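Chains A and B, in that order, give the protein sequences.
Just so you know, we're using the working numbering here: the first sequence kicks off at 1 and counts up by one.
Just so you know, we're using the working numbering here: the second sequence kicks off at 1 and counts up by one.
Note that these hints are calculated values from the structure, not bench results.
Given the structure is predicted, the values throughout are model-derived calculations rather than measurements.
Cβ coordinates follow ideal geometry from the N, Cα and C atoms, glycine included.
Incorrect hints may appear among the rest.
What the hints assert, rightly or not - Here are some of the chain B residues that sit facing chain A, going by a computed Cβ distance under 10 Å:
1. VAL18
2. VAL20
3. HIS21
4. ALA34
5. ILE46
Said to hold, decoys possible - Using 20 Å as the maximum straight-line C-alpha spacing, the simulated EDC-like pairs for lysine to aspartate or glutamate come out as follows:
6. A:LYS672 x A:GLU576
7. B:LYS123 x B:ASP82
8. A:LYS374 x A:ASP326
9. A:LYS448 x A:GLU576
10. A:LYS672 x B:ASP81
11. A:LYS672 x B:GLU104
12. A:LYS386 x A:GLU419
13. A:LYS415 x A:ASP326
14. B:LYS127 x B:ASP139
15. A:LYS672 x B:GLU83
16. A:LYS672 x B:ASP139
17. A:LYS484 x A:GLU548
18. B:LYS123 x B:GLU104
19. A:LYS386 x A:GLU30
20. A:LYS672 x B:GLU51
As the list claims (entries may be wrong) - Some chain A residues flagged as far from chain B (calculated, every beta-carbon gap over 10 Å):
21. GLU6
22. GLY70
23. ARG120
24. GLN292
25. THR375
26. GLU572
27. GLU576
28. LEU625
29. ASP626
30. VAL641
31. GLN670
32. ALA701
33. GLY735
34. ARG737
35. ALA817
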Amino acid sequence: MDEFDEIVREFLVESYENLDQLDRDLVALEQEPDAHPLLQSIFRTIHTIKGTSGFLAFGKLEVLTHAGEGLLARLRDGGLRLTQERTTGLLQLIDAVRAILASIEATGREDDRDYSDLVRLLTDLQTPIHDAEAAAVALAGQSRRPGRANAATRSAAAEAAAATNNVRAAPARRRAGKSVAQPARPVRRAAAPTSQSGTRNDDQDGGVAVGRHDVKAARAARKAGSAATAAAIPPESPGPPPSDVPLLGELLQQQADINAQDVAVAMLEQQLGDDRPLGEILVDHGQATPDQVREALAMQAVAQADARSSGSVSDATLRVDVNLLDTLMRLVGELVLTRNQIVATAAKQVDPAMQRPSQRLNLLVSELQAGVMKTRMQPIDTVWSKLPRLVRDLAVACGREVRIVLDGRETELDKTILEAIKDPLTHVVRNAVDHGIESPEVRVAAGKPAEGTLTLRAYHEGGQVNIEITDDGAGIDPAVVAVKAIERGLATVEELTAMSAREVTNLIFVPGFSTAAKVTNLSGRGVGMDIVRTNIEKIGGTVDVISETGVGTTLKIKIPLTLAIIPALTVECAGERYAIPQVNLDELLCLEGDQARAGVEYLSGAPVFRLRGNLVPLVWLDHVLDLTKAPHVDESVYILVLQAEGQRFGLVVDHVLNTEEIVVKPLSRQLKDIGTYAGATILGDGRVALILDVRSLARRAHVVRDGDSASDREQQTAAQAIADGPEPLLVVAVGGRRLGVPLSMVTRLEEIPVSRVERVGQREVVQYRGQLLPLGHLATLLGEPSQADPDADLRVVVYTQGRRSVGLVVDAVVDIATEAPRSRGDVAAYGVLGVAVVQDLVTELLDMEQAIMAADPRFFDAVAAAGGADVSPYETYADDTYAEIGS
Amino acid sequence: MELRQFATFTVDTLLFGVEVHNVQEVFRYQDMTAVPLAGQGAAGLINLRGEVVTAVSMRIRLGLPPLADGLFPMNVVVRVDDEPVSLLVDAIGDVAHVSPEQFEEPPETMTGAGRTLITGAYKLEGKLLLVLDIARAADIGIPV
């Protein structure tokens, strides 16, 4: 019984592999319906599964694959076209086979599902669609039908053709243009052999599996020169798979206007003594041109070469237990550490007797490490190969046209890493097809080709693997992201205005985010992108998104080559050494002397430094780790520019030591819980050093959004309250007074350098997004002296209606808040509609209409003229009942 | 009447015992790497033949002052949850053979830290051998 299990296991393993190949082949075939070798290969695979399932008594599987085989045979022999429905049907067949195999794997038996519908579908799909197809099918069918007992030459030749066409299993027949091993019955001696072959063919109908011994008999008979029997081996033989190389006759049937009978006649002539190759005979008969024959021969040669090479490749591989490889990996890791120690010690010694062996050891261990790592490396294609089918199915389901391009399929990754990125990659691809790429109509209207392109690139760089997923779809609009972020309470308007477009776009990775207007069952549940990032960061990688509205989106993923051994930078802080994975390291800076002092600036109390014009937050490692260090008056400041969660920040350390490959050792559970350490390693001198978890560090230093911290939760509930309750107000400071502006009337907040302000007559304007933005100083409107620094950038609240905008200049933006309930009051002041208590302080409510008119007197006329002016925000003031102040 | 074997060690004036089969090895003080932000008691990390082992200071766990200058603790490596942990103690003692009759519940007079970390005691001549609860002692998350 064990032996049987072993056979079943083998069957399952091989079949799974074959099914994966089938997926790829079918999708490729859909693109190139005429690729005959592909169709052959697909047919053969289904045929093999069918045969083995019959042998192992898996009845359902056999019936199912038989139906599929029927369809494939029709497609292969010409006549039926590969339509989308047929492709879908075949793909469904593959899925069904997988399902049954899974059931066999789990329970040893087939599952209980009823597949008769699918069988019916596959049979129905064999019906020719229209007359042309019907004719072609009939023609092809005629040449295959065995045993029509007509004594006419034609039909005899047809039978012979059937015989020759059907014989595939005999390994002897590989030679181009030569006749088959089984001789066809010579036509002239039709009398006696006919009856013989008649019997033979009847037997054949009974499905007698005529095996190898008949081939031998046929050869023997040929040697004897007698009329041999046509050893017609029926195609449904569960024997060894047929040879991979198509016959010249078959090829010519595809290429030229020949049918099986012509080929058979030519072969008969060969039997009768004509020494010429098959191709020549056919040309002579006028049934094929020399070019066609040449082409067919070339195709055959290619197929032969493929068959030969694929045979040798499969012989040269070996199945190895993954656990064994894990053990090897671990041992090599230990060896690397010991090697580091030996090399470090030997370097200090003068004795060459130690130096030479240690150098040799160094080289050997490096090579060994590379070799063992390679055993666990698999090409990324093992994950990517499933994508064409996924994209095809998705595109069909969403009504899109998408082409997938895979660049760098052979890029290798460690097996465990491949496992980890499989799901994130799939999700990203789904997103791209479902939400990224627009429908063909929209694309064409935008001047893009109707077919969208999804490109995946993978390549090695700097000890890491880079994966880029690019689509030429609609792109991610930062404005839409920003609005959603506010709605979900993930960011405040202030924070958003301080972010670059790229940082805003990266907000899609924050938990709880989803810009999909419709949640489809494919993606868009708001749990996708953050899980993608979490999974990737869990294996020590980083992910970043770059997008351009209307043009497309690119997702960049960087992952280490292996989890166990990573390139790292060692640094020193407060007398101890730490290691930082290079995957997180962007740059290294050293600020000396004056630069060190001046380089550090403070923004709202937080230290930052300027990196090529951008402000980057600065974090001191000893602060984050609560270390006390001896105050040293070091002239130089070392800054590591690190990246985590799409955010960059600078980490200040005492010294930068070395880059080296380190072996990651796990920490005990309780130390792991601290979070700031990704593990530990043993350095060259034998001492232990902690490996820093950059993302955790960033969170601890509040450089990135920490989804778990209490303060963020408060912020979220506050944001939620704002969203649910009365209209939120943007609180601004103007000349010492607090004013509230309805948030719904705030389109944008800008900081504009004073130098960009220009005068047009009495008015101030700024060139803004291709238009002239009139500016109105609220300080002037309210009759207050501005308290802002005259040289600092102007803080401008922009209101846009339709295509017209106006900018209101304030001293500072304070906050967003809601007014306390029933706190409204009347007040007589120019430019102000009333007061309310906001954040426990009396706040005046700005008369937006007046302010806008002050900036641009013709604003509302122009907007009304443009049609569709919506002045509803004012209703929030008009509708409210005003209460007495102080009650 | 089975005798059990305990490896013993001292921390301050207290004598502790751990069943011999739980002890992986003992060795002298080794240089350790500090772990900032770790809870009370984590003294550092040790390189034990290529494995990174956490060292837990028994003195800190028991709320005792550190050893005097010039004196260094010894390492007693035990296994907890299939992971090695090194307990830092003052000195290593002999192996004690005890019988179940000598076993007692933790004495009432013991309070605080000591009480939490022991599961009982064996009465020896003139002193008490406190049976250490290894899992609790090694878990710096458990406060004492």
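Status of each hint after checking the structure:
no., hint, in the structure
1, VAL18, "violated (18 Å)"
2, VAL20, "violated (23 Å)"
3, HIS21, "violated (21 Å)"
4, ALA34, "holds (6 Å)"
5, ILE46, "holds (7 Å)"
6, A:LYS672 x A:GLU576, "holds (19 Å)"
7, B:LYS123 x B:ASP82, "violated (30 Å)"
8, A:LYS374 x A:ASP326, "holds (12 Å)"
9, A:LYS448 x A:GLU576, "violated (57 Å)"
10, A:LYS672 x B:ASP81, "holds (15 Å)"
11, A:LYS672 x B:GLU104, "violated (37 Å)"
12, A:LYS386 x A:GLU419, "holds (13 Å)"
13, A:LYS415 x A:ASP326, "holds (10 Å)"
14, B:LYS127 x B:ASP139, "violated (27 Å)"
15, A:LYS672 x B:GLU83, "holds (13 Å)"
16, A:LYS672 x B:ASP139, "holds (13 Å)"
17, A:LYS484 x A:GLU548, "holds (18 Å)"
18, B:LYS123 x B:GLU104, "holds (7 Å)"
19, A:LYS386 x A:GLU30, "holds (15 Å)"
20, A:LYS672 x B:GLU51, "holds (16 Å)"
21, GLU6, "holds (34 Å)"
22, GLY70, "holds (57 Å)"
23, ARG120, "holds (56 Å)"
24, GLN292, "holds (69 Å)"
25, THR375, "holds (22 Å)"
26, GLU572, "holds (12 Å)"
27, GLU576, "violated (6 Å)"
28, LEU625, "violated (4 Å)"
29, ASP626, "violated (6 Å)"
30, VAL641, "holds (22 Å)"
31, GLN670, "violated (6 Å)"
32, ALA701, "holds (13 Å)"
33, GLY735, "holds (47 Å)"
34, ARG737, "holds (46 Å)"
35, ALA817, "holds (36 Å)"
Taken one by one, the earlier hints fail for this structure at numbers 1, 2, 3, 7, 9, 11, 14, 27, 28, 29 and 31, listed in ascending order.
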